[in-house]
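There are 6 protein chains.
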Amino acid sequence: MIFLTRRATFSASHYYWNDAWSAERNAQAFGRCANRNSHGHNYTLEVTVAGEPDPVTGFVVDLKWLKDVIEREVLSAYDHRHLNLEAPEFAAGKLLPTTENIAIAAWNRLQPAVTDAGGARLSRIRVYETSDIFAEYRGERGEL
Amino acid sequence: MIFLTRRATFSASHYYWNDAWSAERNAQAFGRCANRNSHGHNYTLEVTVAGEPDPVTGFVVDLKWLKDVIEREVLSAYDHRHLNLEAPEFAAGKLLPTTENIAIAAWNRLQPAVTDAGGARLSRIRVYETSDIFAEYRGERGEL
Amino acid sequence: MIFLTRRATFSASHYYWNDAWSAERNAQAFGRCANRNSHGHNYTLEVTVAGEPDPVTGFVVDLKWLKDVIEREVLSAYDHRHLNLEAPEFAAGKLLPTTENIAIAAWNRLQPAVTDAGGARLSRIRVYETSDIFAEYRGERGEL
Amino acid sequence: MIFLTRRATFSASHYYWNDAWSAERNAQAFGRCANRNSHGHNYTLEVTVAGEPDPVTGFVVDLKWLKDVIEREVLSAYDHRHLNLEAPEFAAGKLLPTTENIAIAAWNRLQPAVTDAGGARLSRIRVYETSDIFAEYRGERGEL
Amino acid sequence: MIFLTRRATFSASHYYWNDAWSAERNAQAFGRCANRNSHGHNYTLEVTVAGEPDPVTGFVVDLKWLKDVIEREVLSAYDHRHLNLEAPEFAAGKLLPTTENIAIAAWNRLQPAVTDAGGARLSRIRVYETSDIFAEYRGERGEL
Amino acid sequence: MIFLTRRATFSASHYYWNDAWSAERNAQAFGRCANRNSHGHNYTLEVTVAGEPDPVTGFVVDLKWLKDVIEREVLSAYDHRHLNLEAPEFAAGKLLPTTENIAIAAWNRLQPAVTDAGGARLSRIRVYETSDIFAEYRGERGEL
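Protein chains in written order, with numbering that gives the first Met the number 0: chain A, 0 to 143; chain B, 0 to 143; chain C, 0 to 143; chain D, 0 to 143; chain E, 0 to 143; chain F, 0 to 143.
Source of the hints: derived by calculation from the structure; they are not laboratory data.
Just so you know, not all the hints are guaranteed correct.
What the hints assert, rightly or not - Under the rule of at most 20 Å between Cα atoms (straight-line distance), these lysine to aspartate or glutamate pairs were calculated in the DMTMM-like manner: (1) 63(E) <-> 70(A); (2) 93(D) <-> 51(A); (3) 63(E) <-> 131(B); (4) 63(B) <-> 131(F); (5) 63(C) <-> 131(A); (6) 63(F) <-> 23(E); (7) 63(C) <-> 78(B); (8) 66(D) <-> 131(F); (9) 66(F) <-> 70(C); (10) 63(C) <-> 70(B); (11) 66(A) <-> 78(E); (12) 63(C) <-> 23(A); (13) 93(E) <-> 53(F).
Claimed, not checked - Some chain E residues close to chain D (C-beta under 8 Å, calculated; not the full set): (14) 11; (15) 25; (16) 27; (17) 32; (18) 38; (19) 40; (20) 41; (21) 79; (22) 80; (23) 110; (24) 120; (25) 129; (26) 132.
Computed from a predicted structure; not experimentally measured.
Cβ coordinates follow ideal geometry from the N, Cα and C atoms, glycine included.
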């Protein structure tokens with residue numbers, strides 16, 4: 000079993016705000032992230048797939064194909080977007096676009112498309128919000 | 000003459016839009032950056048001051064003081080903010096918050112405060128929008 | 000289960016020396032690190048906590064809280080310190096402050112404080128001594 | 000159990016080409032990598048060993064020894080080499096030097112030498128082809 | 000005057016060899032780089048243009064246009080290529096593809112195209128061969 | 000004129016202390032850096048030489064030679080050392096080993112050796128104390 004990772008970046012806006020709370024409570028819980036004018040990040044997304052290298056090509060998956068899948072399933076929805084306003088899974092206050100939730104959402108977006116590839120499967124998602132903060136998710140498998 | 004640089008980061012939203020233009024022309028000029036819902040970046044700011052090291056302390060300027068100046072003059076206005084909506088120099092469509100204009104604006108914010116320090120002077124501002132794009136400004140001196 | 004990581008840095012001095020050995024044997028075992036005048040590093044510490052994101056905030060833990068815990072439990076003891084002389088777990092030759100032992104010591108310092116947070120638990124510590132050398136520790140769980 | 004990693008780099012040429020295929024099929028499968036004049040990369044290799052720190056030295060393994068093992072077992076064969084022409088495991092079209100296969104080959108080169116060290120064992124190989132693409136291998140153990 | 004930089008990467012093979020010299024002299028002058036099977040690098044190219052930001056767009060040059068110029072003038076000739084065999088300025092032993100000469104060659108390729116842009120001019124080229132080695136060139140202007 | 004840079008790293012201890020001052024004044028001026036037990040850093044040194052590439056080799060200087068010069072003139076004195084206690088220019092409180100003073104001292108150590116090389120000359124020294132703090136020095140030439 001080999002684990003192959005492709006990294007991509009996207010630039011997006013977001014804010015943290017719970018409509019059910021007062022402004023004070025939002026400020027207390029979310030600090031400067033509660034500014035509803037939004038702020039933004041250069042996010043880095045690492046997509047790891049697991050599988051056996053093909054005996055002829057030596058590829059677990061074709062990296063060009065994986066790049067296109069990431070572009071189509073994640074970047075087209077998140078890059079140069081306001082996550083709270085434009086990404087369906089976060090819109091209308093459904094879910095806050097924290098680093099944790101972005102990692103889960105990227106997993107959910109990528110898992111069916113990567114599984115289609117026959118043999119390989121999605122193994123791990125890592126999302127960096129800044130160089131100092133990142134979240135990892137492995138789906139049902141749980142453990143790192 | 001020694002050149003001493005301190006790096007800082009801020010996370011902000013922005014978009015590019017000219018009210019005097021049609022939506023088509025904005026899209027043509029600014030591409031995905033014309034999305035008025037905004038997107039954002041982790042900006043890196045490098046502030047370089049020039050001077051002679053103090054013979055006793057060995058400092059061109061006190062780096063803790065320089066950190067506080069950057070925090071007060073730039074980060075308090077830009078970090079976790081929407082540059083088009085909240086930074087006075089960019090608000091109300093006065094000026095687009097491009098990497099180039101952010102570098103000039105940061106110079107204008109920092110130059111008086113750094114000059115106050117006696118001896119040292121602001122020498123160069125570098126602003127990274129992403130790891131692949133950055134702008135430098137040296138004020139009146141022009142040349143790199 | 001989501002794994003959330005916060006990175007921090009500290010600058011410290013250390014040396015490797017075993018009082019029970021001759022100078023020759025220390026030099027042989029530890030090379031340039033046996034210089035008792037000490038040398039130092041900018042260490043990078045990555046603290047990973049595991050848990051479910053809170054359904055309202057989307058946080059596994061509050062990252063500001065985690066930053067304060069790291070500051071209080073680790074950085075206050077290690078940053079701008081001489082590890083052999085000032086950190087209790089390494090003082091008086093008890094234990095050598097190798098990258099491996101610093102990772103275990105940081106785990107022992109952080110594990111009770113992070114467990115207090117209710118729900119989340121400490122999952123992994125990674126310590127970089129330089130960009131080319133790092134150690135990871137996961138406590139009782141053993142495996143990466 | 001502690002996991003200790005040492006990073007090394009090597010610069011090498013390679014290309015992807017299957018002699019059993021037409022030029023068209025090679026171009027379709029491998030794109031620009033099918034150029035038989037070759038292209039090259041600065042590869043980064045991360046070698047992780049697992050073990051208990053020695054109670055006296057605090058080392059899982061001696062990092063200088065590990066550096067020498069990596070130099071002797073991997074870098075002497077790959078650094079400043081053409082992988083398809085000079086590395087025995089890839090020569091004569093036996094196996095394509097993809098990131099995945101380089102990770103497995105580095106494991107096979109390092110595993111016996113590291114196991115000789117008594118106590119510690121090879122735990123994980125990570126190979127970066129560029130900063131955006133990397134493969135991991137853990138031998139028989141399979142899972143990350 | 001603002002200096003705007005765009006970074007790009009390319010992966011290429013090269014070797015150092017002077018046909019007028021014996022194998023021994025080549026080995027002495029060029030060490031492992033004299034291996035005519037070639038080795039390769041991930042090169043990083045930084046292209047800096049100088050000019051005044053347009054008062055309406057805030058751009059010194061359009062970064063998408065600059066990306067296309069770099070792609071057309073440099074990357075199409077160097078990326079996934081063997082520099083000694085495929086780049087006309089280095090082919091047939093005319094010139095060795097050292098970091099220094101690649102910086103000059105990239106300048107010569109880019110300078111006319113960037114000058115066409117009206118107003119802005121090419122100001123500086125920086126080429127990294129590895130993270131530890133880079134060359135800068137400023138054309139006629141000479142000084143950094 | 001081409002500018003060629005070679006990067007090197009060294010790990011050292013230091014502290015800031017002025018014997019002519021009280022402990023209070025030292026603490027006020029130098030904060031945590033006044034801890035006389037010392038702390039340390041992984042310093043990065045960038046050495047830039049200027050010259051014309053040799054028409055045959057394409058080298059401004061031989062990079063292996065430059066590596067040896069840096070090793071002999073700077074790293075042998077600073078790496079795995081306590082700068083205040085072991086580097087002659089800083090010993091006995093003569094001069095504080097600030098980033099600024101280390102840049103000047105490295106220039107003074109390297110300038111005669113590099114000038115010996117015939118043709119090329121030392122052009123710029125950059126010293127990083129951390130990734131966020133660095134100093135540059137260009138000798139008599141002053142300006143960046």
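Straight-line alpha-carbon gap residue 66(D) to residue 131(F), limit 20 Å: Not OK: residue 66(D) and residue 131(F) at ~29 Å, beyond 20 Å, violated.
Against chain D, is residue 80(E) within 8 Å by beta-carbon distance? With a closest approach of 6 Å, the residue 80(E) hint holds.
For the pair we were handed, residue 63(C) and residue 70(B), check the Cα-Cα distance against 20 Å. holds, 18 Å
Does the structure keep residue 63(F) and residue 23(E) at a Cα separation of 20 Å or less? Holds, because 17 Å separates the two Cα atoms, which is no more than 20 Å.
Next pair to validate is residue 93(E) with residue 53(F); report whether the Cα-Cα distance is within 20 Å. Holds - the C-alpha atoms of residue 53(F) and residue 93(E) are around 13 Å apart, at most 20 Å.
Take the C-alpha atoms of residue 63(C) and residue 23(A), compute the straight-line distance between them, and say whether it is at most 20 Å. holds, 17 Å
Tell me if the interface restraint on residue 132(E) is satisfied: Cβ within less than 8 Å of some Cβ in chain D. violated, 10 Å
When the nearest CB of chain D is found for residue 11(E), is that gap smaller than 8 Å? holds, 5 Å
Can we keep the residue 38(E) interface hint, with Cβ of chain D closer than 8 Å? holds, 4 Å
Given the hint that residue 66(A) pairs with residue 78(E), test it: the Cα-Cα distance must not exceed 20 Å. Answer holds: residue 66(A) to residue 78(E) is near 18 Å, not above 20 Å.
Assess, step by step, whether the Cα of residue 63(E) is no farther than 20 Å from the Cα of residue 70(A), and give holds or violated. holds, 18 Å
Measure nothing beyond the straight line between the CA atoms of residue 63(B) and residue 131(F); if it is 20 Å or shorter, mark the hint as holding. holds, 12 Å
In summary, the structure is inconsistent with hints 8, 9, 15, 16, 23, 24, 26 from the numbered list given earlier, while agreeing with the others.
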